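Asker: Each chain, written out:
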Amino acid sequence: MTTTRLDGLLQTERRVINAATHEALRFLGMAHRQRTKRPAPGAAPDAIAIEADAPAPRIDWFRYTAGQLDEGPLEDVERLRAALGDDTVDWIHVQGFGDENQLREIADIFGIHPLALADAVNVPQRAKVDSYGSQQLVVLRMARSVDREIEFQQLSLFVGPHWVVTFEEHTGDIFDPVRTRLRAEGSSIRNSGADFLAYALIDAVVDGFFPVLDSLSEMLEDLEEAAIGDPEPHTLARIHSVRRLLIHLERIQRQQRDALLTLTHQDEGPFGQSVWPYLRDVQDHAIHVLDTIQTFREMTVGVMDIYLSSVANRTNDVMKTLTVIASLFIPMSFVAGVYGMNFDQMPELHWRWGYVGSWVVMIAMASGLLAWFARKGWLGDLSRSLDSKRDSADE
Amino acid sequence: MTTTRLDGLLQTERRVINAATHEALRFLGMAHRQRTKRPAPGAAPDAIAIEADAPAPRIDWFRYTAGQLDEGPLEDVERLRAALGDDTVDWIHVQGFGDENQLREIADIFGIHPLALADAVNVPQRAKVDSYGSQQLVVLRMARSVDREIEFQQLSLFVGPHWVVTFEEHTGDIFDPVRTRLRAEGSSIRNSGADFLAYALIDAVVDGFFPVLDSLSEMLEDLEEAAIGDPEPHTLARIHSVRRLLIHLERIQRQQRDALLTLTHQDEGPFGQSVWPYLRDVQDHAIHVLDTIQTFREMTVGVMDIYLSSVANRTNDVMKTLTVIASLFIPMSFVAGVYGMNFDQMPELHWRWGYVGSWVVMIAMASGLLAWFARKGWLGDLSRSLDSKRDSADE
Amino acid sequence: MTTTRLDGLLQTERRVINAATHEALRFLGMAHRQRTKRPAPGAAPDAIAIEADAPAPRIDWFRYTAGQLDEGPLEDVERLRAALGDDTVDWIHVQGFGDENQLREIADIFGIHPLALADAVNVPQRAKVDSYGSQQLVVLRMARSVDREIEFQQLSLFVGPHWVVTFEEHTGDIFDPVRTRLRAEGSSIRNSGADFLAYALIDAVVDGFFPVLDSLSEMLEDLEEAAIGDPEPHTLARIHSVRRLLIHLERIQRQQRDALLTLTHQDEGPFGQSVWPYLRDVQDHAIHVLDTIQTFREMTVGVMDIYLSSVANRTNDVMKTLTVIASLFIPMSFVAGVYGMNFDQMPELHWRWGYVGSWVVMIAMASGLLAWFARKGWLGDLSRSLDSKRDSADE
Amino acid sequence: MTTTRLDGLLQTERRVINAATHEALRFLGMAHRQRTKRPAPGAAPDAIAIEADAPAPRIDWFRYTAGQLDEGPLEDVERLRAALGDDTVDWIHVQGFGDENQLREIADIFGIHPLALADAVNVPQRAKVDSYGSQQLVVLRMARSVDREIEFQQLSLFVGPHWVVTFEEHTGDIFDPVRTRLRAEGSSIRNSGADFLAYALIDAVVDGFFPVLDSLSEMLEDLEEAAIGDPEPHTLARIHSVRRLLIHLERIQRQQRDALLTLTHQDEGPFGQSVWPYLRDVQDHAIHVLDTIQTFREMTVGVMDIYLSSVANRTNDVMKTLTVIASLFIPMSFVAGVYGMNFDQMPELHWRWGYVGSWVVMIAMASGLLAWFARKGWLGDLSRSLDSKRDSADE
Amino acid sequence: MTTTRLDGLLQTERRVINAATHEALRFLGMAHRQRTKRPAPGAAPDAIAIEADAPAPRIDWFRYTAGQLDEGPLEDVERLRAALGDDTVDWIHVQGFGDENQLREIADIFGIHPLALADAVNVPQRAKVDSYGSQQLVVLRMARSVDREIEFQQLSLFVGPHWVVTFEEHTGDIFDPVRTRLRAEGSSIRNSGADFLAYALIDAVVDGFFPVLDSLSEMLEDLEEAAIGDPEPHTLARIHSVRRLLIHLERIQRQQRDALLTLTHQDEGPFGQSVWPYLRDVQDHAIHVLDTIQTFREMTVGVMDIYLSSVANRTNDVMKTLTVIASLFIPMSFVAGVYGMNFDQMPELHWRWGYVGSWVVMIAMASGLLAWFARKGWLGDLSRSLDSKRDSADE
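Protein chains in written order, with numbering that gives the first Met the number 0: chain A, 0 to 394; chain B, 0 to 394; chain C, 0 to 394; chain D, 0 to 394; chain E, 0 to 394.
Read the hints as simulated data drawn from the structure, not as lab findings. Predicted model only: the values in this text are computed from it and were never measured. Any given hint could turn out to be false.
[As the list claims (entries may be wrong)] If you want a taste of the chain D side facing chain B, the calculated C-beta under 10 Å gives, among others:
#  : residue
1  : F174
2  : R178
3  : G207
4  : Y277
5  : V281
6  : D290
7  : M298
8  : V300
9  : A325
10 : G336
11 : F372
Beta carbons: idealized from backbone N, C-alpha and C, even for Gly.
One chain only, chain A, in its complex shape:
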């Protein structure tokens, strides 16, 4: 009978926690594709696992020299094979993995190793930099703000001598500022090679984490306030979720930093020496992002301490309430009990001011204890704790 209602209540509590966890996962863009799409253990190493409902690839083609820029969708992949040359820089931007043949054809045209293609399509992979002869695969995690929510997806970037090929699972990226600079004749991208274009894309990805850090900073400030003002289980669940989120984020970002640091420690590869100062700049930003995340993690420890201490303070307040009330009335009740006794010989009972006197004694006892409690500061604590509770309930 009451079970239904109780179930409802408990489920509310669970929902709160799940919502907090879900919020954290969604924040990481992991709520709807939490598991890596992995081929079965023992499968061929270059097997590709594409979800049934993956969108068809949308391929954009930028071809430019210092003086000229052609851009547009690439419909027939075969056109590419003929068109590649040494005089221009080509950027092939693939969004969506719905057509395995097309993906393999592109890989074939650029001489991309099947294992590297598998890394680009079986997302998410660890952030890393792999060298395959004169080309390199850079795998990064990209953050994008959509409708007040932050979406994460993997960017796989292949750099060759005269071309860049990028793979993303979904449409939607953060490269519009790069495209704008690309279209501006005389910009540094237009006057440089494929390595500078790759750098510009990586730079956009790394800097895309700064807005995420700003959101996290606000979340932490909210949590600090909640830990003091509202030390209830759902606050604990939120702290726990943020901690989980930061653990994940730190790991991702540490891999990202390590991957980027290798870029300027390689003897050969597509990145020329002239781009190295720029790559070092990107590395600096990645280190800064990681530093900030680690600082946030250390702060959650403090927030947890505040929460636990607030819970202890609440218990203390409950104890004080009991102590004050019981300590006031138990001695008074004793006095009343004494004069409720039925002894034959109790002279006080027959005194004229006996009854009034008993009240005087009782009130004196209570006043003495009240004064003592006030001096201990307990009465103030009680009214304060009452007020803060009421106030936070009013909000």
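Please arrange chains B, C, D and E on chain A, whose structure you already have, making use of the hints.
Answerer: Frame of chain A, contents of chains B, C, D and E only:
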């Protein structure tokens, strides 16, 4: 007299804890062979400790070239010695250690060092890679799902120029997908040497940990719910068991990763340069497994915090119950006590509405305190905590 | 109605916490420009983000040889271009970033890389040392005491063969002692090259942290006292703030140390071997600063423990109060209750000394319990805790 | 008067703790020689500190070739000097340090450096490997099981081209299996040089830790049970002692592992390349021992958590008892108090079923509260906690 | 009025804590010169900060060869300049910094770099080893036992080809054993060069820490006992102080070890290869000291846990007292209350044995509860806790 029943109760409690620990150990496949089979200290270094009830070896022999594949059980080990050659790749797969002579004969045929054979048979050893001239010993821990339970055993893999020899303590492995690829003419395994076969086997072992991670992830989610909804000692025992399990698992996996990383940092050995990109792929997966386990470990800290905080909340609820009931009735009892006094001069006793008035006073006091407690939110906490307890008992 | 007042109270509490946090941030000089001025993600790497209200640059020019010193403001930047030579050492000190053209012009004159200029202007950056051919960029954080408050800002220092260029966001620096030594003919700065001047400036920056450490040491001592004498939420908020501050400060200082350590590990660059002993001296000081900060961080853990333990002691005191009072009066009330019973046959009621005897019994019970509590030391604890509370309220 | 008894009680408590600590120290073999015998600070570096009651050296001499073995006590050390040659392997095994002259004479015969001799005699030293020209000193800690107690002592092993000299402080070692193999003609030791003998001795020392690990594993399991079933101070003292023991043991073992790892990273020395695979095997075992100890240490953290949580549960049980009893009787007492009032006008007092009715009301209140407590699960908790306590007291 | 007394009480508490901290600082020899004497930031790098009340230097001069030793005070520093030669070893031992000119003159005679002199005089500096051409500066912290108190001061040791110069801030050192060995003709110091003398001094400094470790070990044992027997705030303050002390000491010792390790990793310098075995011996001792300090630090964590657990046990005891007393008397009072009711129809009141029966009921209830509490073991806990408290108060 009552001792029997008490014993039973305590034993129930112990059973719960032991069951949780046992579950964790069984999960690691360590319940029934928890101790390493070690020769006595001071024994000869190549001594082999075989349990009395070890099953007789079952030996499978695969011999293949790009164009041809022979497979079948190997009954007479001596046949091998004559048959080995440079044109084919041979895979000898030994399951079961029941016949020391046969094991030593195989080692002799392939020139396996006695110490290496001891490492393969005195299981479990630390995961590692040891070089013996042109051959290498790779020791790994292998996870296999059997009847909703996960079994671990050691895989010892010897790679030589034209052959692979693998040792397992028990029958049952996870190599069926590899065998399928082996039987498919034109597959990459068939077109490559022994090093690629070794890679494929290692790859299957490493990827076999991903289902374990999925199970662990579910266990952790269950624990998070239990830590909030059911903060009893048996939940603590489960958290402790999972933590122990993760400590073990992290150690195993860290060794596994370190061992695999050495494979591509050796100047010479059976693994050719063409296999290195594949080995790096395996290393990536091993790092990913380790990263996930470490993340899980950091999460158990949070689960522990939630548990402890839930216990504190329970205590808080008990305190609130006492405080509310005692604070309501102690003042009312005082009023009743006052009018139970036997003074001669107590005018209220003779008032017409004295008795009713005393009820009014008592009810007013109680109402005031109830309103105060309600404003503090204590009444709501009590009913909520009641409901959630009842509900979890109903489940 | 009361809501207003309650809001006020809660806001007081919040204000306390915010004030503590603000105090910590202001201490770090971060309260009014907490966020890095960053160009938008994807912008050109050498873009400069200058706030609208940035003050116009104030440029000071020191030119000296062993025998001569010219100093004064530099109004026309173009004058510099013509005047640079190999015989003198020039120090250009730029304070304020309000004029992008002027900044770019200076960078052009000295051949400063656009990325390096961006690092100098988009403050704050990570402390670091970057090499650009024969010149180096040293980025440091500088602490300056203003009106009992400590201000932090970035110092960007470019060292070339014969010149030093320094950038600061705001006027106000700590280089007056260096200027004094510069003006003294025969000082070691005057007799050395640009690298020694750069060293002297770096030395002043690093040593400028020692007064900050002294302030922090006093803050920690205050906190230790507060944690014992006043374990209230606002003390917790202060501990948390100091911990946050130390986390930030340690990170800054670790970067600073790492940057300085690279100065003596470079094969070539503007710093000559004769300056290396001096640079090693600076490194020593930076390590000392970092060591001290880390020691402080480890101490905050102890302060937190003291705080939590004090809270537990307070709860203990509350419990003791309740226990002493309730345990004294509940047994006495029982005795009174017994002789309030209305049985027909209660011989004690009719005894001559019955009433007095009941008092004797009650007082004996109370005295016994009091003696027991006194032996447990609880009475002393209560009076002590009362006194200390009162005293700390008096302060 | 009572002081004597109280002293006795307190001393019992102290004895429990000291006994636990002592047990741990004795376990480490450190109870009776806790302090290093160190010469005074500033003394000559090769000074030797021999205790007054040190036993006289007992020296065993093994001389063997593949075909022949002579063994027996060595009474006249000078005989050695003449007998040493290149054709045989000699093992001099010294037990007891009571005769400094004899020790120095042996050192002189084998060309042992005075500092090395001081390390061998001033025990215990850090485990380490020191090279002195063509000979090496290996210092290890040796564990030996005597009468259900484990004794530790230092083994100092000098390896030269054709000889091994070992020093132990006390008689009693774990080398009997090695001696057995030595006496067996055709064994690998007899067919190899002094380096293989040294390896065999080191191997026996390292493998001698496995029984210690087994004992520790049982201690930890006992502690886990005690932490749940008997969370009293003496259990805490035992946890603390085991933790101290593991801290010591980890440190010893880490030094041991580091020392052994250097053996195969040296360009020259007495250990030939043919022994390296065996040394790597020993290193593996040492790493395994250290890994296990570290796992144990991480487990003690969990045991501590369980203990603290059990204490909290106990407090919770006490609270529940008070709450249940007080909450049941306080309301009932209030009802009784009401009808003990002496108002003139109390109609209930004169009702026929008034008295019975008051009981009905009181019992109804108590039943309602009991039902509520039962639904909260508190009654079950109380009986369970009672039972488990009783049971553990019965054990 | 009472404020004075209260102030006194609080100040007592503060004094206890300050005394504990002070004791720790004095132990480290830092109480009376807690701050580094630093020249102001920006001052010349070789500036020397000498306190106004620094004692005048006392300079001792030892000159020796294998066959001859001259020793005595050095009054005229200029005498040194002429007397230095290659045939003898000179040790100049400077105690007290009160005369800057004299210090600079000595530095000039031996060619000591001004920065190195500043490091020697502006104490305390980080322990370190700095090379200046053919000479080296070794900075160490020296511990000396004076009147049951341990004093720390910096020893700065300059080693050149034929001389050693040492600086100490105060008179009093631990080199008497070294001097004794120096005076003994034929000792190893007399037969070796300046590097061996330097080694002997360093060895005395490092070994001087062993008595400090012994004192610390005793302090820790005292604390363990206090944490169990006397868990009051002043014990917490002592634990905190020892922890602070160990943090400082570990840092000092880590620097010392790192500095000493560099001595045998330098290609050239004053220390010859023949001294290296001795230096490695010193390094071993320094590592041992550091290991012990780290072990102590890990133990303080355990002591803190014991303290917190003892506090929790105390709270538990208070709760049990309240629970036992309240639970005994509240039910009995209820019975008394029932028979104090004034209903007309209360048959029990008129029974002959009614009153006695009510006592029987009350005593039965109390006995039942007492038996229950005894079975829970609470009564024993109470008496034990009482006794231990009394006993510790008696001490």
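Asker: If a hint holds in the structure, say so; if it does not, say that too.
Answerer: The hints, checked one at a time:
1. Evaluation of the F174/D hint against chain B yields a held restraint, the C-beta minimum of about 7 Å falling below 10 Å.
2. Interface hint status for R178/D: upheld, as the beta-carbon distance to the closest one in chain B is roughly 9 Å, under 10 Å.
3. Given the 10 Å rule on beta carbons, the hint for G207/D holds: about 5 Å separates it from the nearest Cβ of chain B.
4. Proximity of Y277/D to chain B holds as hinted, the smallest CB-CB distance being about 6 Å (cut-off 10 Å).
5. A hinted interface residue such as V281/D counts as satisfied when its beta carbon comes closer than 10 Å to some beta carbon of chain B; here the least separation is about 8 Å, so the hint holds.
6. For the restraint placing D290/D at the interface with chain B, the shortest Cβ-Cβ distance is roughly 6 Å, inside the 10 Å limit, so the hint holds.
7. Hint status for M298/D relative to chain B: holds, with the closest Cβ pair at about 6 Å, below 10 Å.
8. Taken as an interface hint, V300/D checks out: its beta carbon lies about 9 Å from the nearest beta carbon of chain B, inside 10 Å.
9. The interface hint given for A325/D holds, since its Cβ lies 6 Å from the closest Cβ of chain B, which is under the 10 Å cut-off.
10. The beta carbon of G336/D is positioned within 10 Å of a beta carbon in chain B (closest approach about 3 Å), and the interface hint is therefore held.
11. Given the 10 Å rule on beta carbons, the hint for F372/D holds: about 9 Å separates it from the nearest Cβ of chain B.
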